[in-house]
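Residues per chain, in single letters:
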Amino acid sequence: MKQLWWLGILSGLFIGGLRAMPAWGHGAIATYEHTITVFSKFDNGDPIANAQVVVYSPTDAETPWQTGTTNAQGEFTFTPDDSSPGNWEVVVRQAGHGKAVTIPLGGTAASSSQGLNKVVAGSAAIWGFVGTALFFSRGKKA
Amino acid sequence: MFTAPSQQLIGLGLGTVAIYTVTACSPSQPTGTLEIRANGEDFVRQGFVTKDGWQITFDQVLVTLSEVTAYQTEPPFDPEQAEPLQAATLVTLDEPVEVDLAAGDETAEPVLIKAVDAPAGRFNALSWSLMPAPLVEAPLTLMGTATKADQTILFELALAPSLKFTCGDFIGDDRKGILEPDDTAEVEATFHFDHLFGDANLPADDELNQTALGFNPFAKLVTDGSLEATQADLQQQLSEADYGKLQTIFSGLGHVGEGHCKAERVEVIDRGAEEGAE
Chain P
1 MKQLWWLGIL SGLFIGGLRA MPAWGHGAIA TYEHTITVFS KFDNGDPIAN AQVVVYSPTD
61 AETPWQTGTT NAQGEFTFTP DDSSPGNWEV VVRQAGHGKA VTIPLGGTAA SSSQGLNKVV
121 AGSAAIWGFV GTALFFSRGK KA
Chain X
143 MFTAPSQQLI GLGLGTVAIY TVTACSPSQP TGTLEIRANG EDFVRQGFVT KDGWQITFDQ
203 VLVTLSEVTA YQTEPPFDPE QAEPLQAATL VTLDEPVEVD LAAGDETAEP VLIKAVDAPA
263 GRFNALSWSL MPAPLVEAPL TLMGTATKAD QTILFELALA PSLKFTCGDF IGDDRKGILE
323 PDDTAEVEAT FHFDHLFGDA NLPADDELNQ TALGFNPFAK LVTDGSLEAT QADLQQQLSE
383 ADYGKLQTIF SGLGHVGEGH CKAERVEVID RGAEEGAE
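Quick mapping for you: the protein sequence lines, in order, are chains P and X. So in the working numbering, spot 101 of the first sequence is number 101, and the numbers just go up one at a time. All you need for the working numbering is the position in the second sequence, starting with 1, plus 142.
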């Protein structure tokens, strides 16, 4: 029975943008992006697809910074703004139930990675999920 | 004016005795108005059809909330993790408050429990207790009508869960609890009564309907077209399995919007009985 959600976070670096310099010499430019992937699944391993996702930045806890839905594998990826250190929040909702995960980012590289490790270890969010795979409006009063 | 966390300020409201306590860090912290609300959602105000086909309408859904506390937590509290709630700022209602979740029509706001002066900041956790006697006989009373085919049942269920709900941040279409100086914000204790009766809009094999009690077990207890039962009555008259299910359902009633809560049993100590025994 699809009873529990597991919500995890994977942080990754995307390295790209190698390109040649103009004619006056060899050169290359490497750039990177820091991405966060949130993935959710039921306790039987089935991904939670098409769940509503809202990302909030540390600078504004009230206004959605990015919205989207999980893909067929229950994943949602975003690239946080590295100029906004602090607690990034990701809220995942489906069928009248939801879960928020806090992702601390920023500070020194060491503290940031430690923070991420703690988040990955500590944010495997498991909660009792009731409902269907369809987005279900509870008819609640906001 | 607010004092250090080891001390408490007793707030005065409405010219009566102290009704809430604020604990905050900074004596000069700006404040706003925090509205603490309760919501039974459209299930309570508009009624719904249970998993076993009963059309339920509520006349009253009385809830007595005790030890209502709103917190500013850092790190943000997660009720599904082992880490305890850590709050530098909190606001606690000192007295239990009874509200009717069925009051108002479908356009009404969630029911106001209390509006209090509170330190500005982000209230991202909420807790409250449902505690029976000696505080109140039944902290949760459901009164209404159940109709199915040609049968109509007037019911009054005086329920006595003894639970503390500790919840994280509100989850819904909008965020709540972000209190700016001289402004107003709200936090909400949400009650999901579809967990008790199920929902005909969901498939029968849906997790919610599988774990809900429905109304049939209550309908079997009806005499002369009506049902009036206390928690003790239900313990005697429901099957052991159904009563056990009811106890489990109580733990799932409390939410913050769509966000989940940790539910813990609380023991209510009758100080008066203890002193009388001595």
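To be clear, the hints were calculated from the coordinates, so they are not data collected in a lab. Hints should not be assumed to be uniformly reliable.
Computed from the model, here is a short list of chain P residues facing chain X with C-beta under 8 Å [unchecked claim]:
no.	residue
1	Ala61
2	Gln66
3	Glu75
4	Ser83
5	Arg93
6	Ala100
It should be emphasised that the depicted structure is a prediction, and the values quoted were computed from it without experimental measurement. C-beta: ideal position from N, C-alpha, C; glycine also.
Hint numbers contradicted by this structure: 2, 3, 4
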